[in-house]
Each structure stands twice: as structure tokens, then as C-alpha cells.
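Numbers 4 to 88, taken from this note's numbering, label the letters of the sequence shown in order.
You may find that some hints are simply not true.
[Stated by the list, open to error] Pairwise CB distance ranges, derived in the manner of DEER restraints:
1. Lys-80 to Gly-13: 26 to 34 angstroms
2. Lys-80 to Met-15: 18 to 26 angstroms
3. Glu-57 to Thr-37: 29 to 37 angstroms
4. Pro-76 to Met-18: 28 to 36 angstroms
5. Pro-76 to Cys-16: 30 to 38 angstroms
6. Ala-56 to Lys-6: 13 to 21 angstroms
7. Met-15 to Val-46: 13 to 21 angstroms
Derived by calculation from the structure, the hints in this document are not laboratory data.
Glycine is no exception: its CB is placed at the ideal position from the N, C-alpha and C atoms.
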Amino acid sequence: MQKITLKIEGMMCGMCESHINDAIRRAFPVKRVTSSHSKGETVILNGEPIPEAELHRVIDPTGYRLLSVSCEPYEKKGLFSRISR
Numbered sequence: 004m005q006k007i008t009l010k011i012e013g014m015m016c017g018m019c020e021s022h023i024n025d026a027i028r029r030a031f032p033v034k035r036v037t038s039s040h041s042k043g044e045t046v047i048l049n050g051e052p053i054p055e056a057e058l059h060r061v062i063d064p065t066g067y068r069l070l071s072v073s074c075e076p077y078e079k080k081g082l083f084s085r086i087s088r
């Protein structure tokens, strides 16, 4: 599982967050996507990395600006996560 963090400029409210989330869900079969206008970021959980050019292709037409993309392995954390190993 990959955690992809996008820094996005221009989100001002909860509707902006929904607009970004919907655009990403329509374009990619992601496991989870959440956005925060106060942090200016969107976090995507996906089975594999998404190319930055593809993210630009989806986000640029929405009127927001994708500033940066970072990707790191994601491991679910929780009470039972250590037991299943």
C-alpha cells in the first residue's frame, strides 16, 4: 500500500476538499482519499504509486494547483496490526 501526499494550493473550504476528492476518485481506483484545506494537502491510499503527470492531468482542470507529490509505503497501524505478522 502506498501513501501519496499532495500539496495543493487554492483549497479554501470543505467544498474545495470534496471537489478534489471527487476528481481523484473519478480518475483513479483509490482505496481512500482525504483532503484538508487548512493543511493544503490531500492524502491518497492506493495499492501502487500514481504518476505525478497523471495527478497533474486530473487536478489542473479543477482550478487548484498541485505544488508537490510525495509517496511513501503505508502500513495500517492499529491494535491488531502487530498480531497479524
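**Prompt:** Checked against the structure, which of the hints given earlier come out wrong?
**Reply:** Those not satisfied are hints 2, 3.
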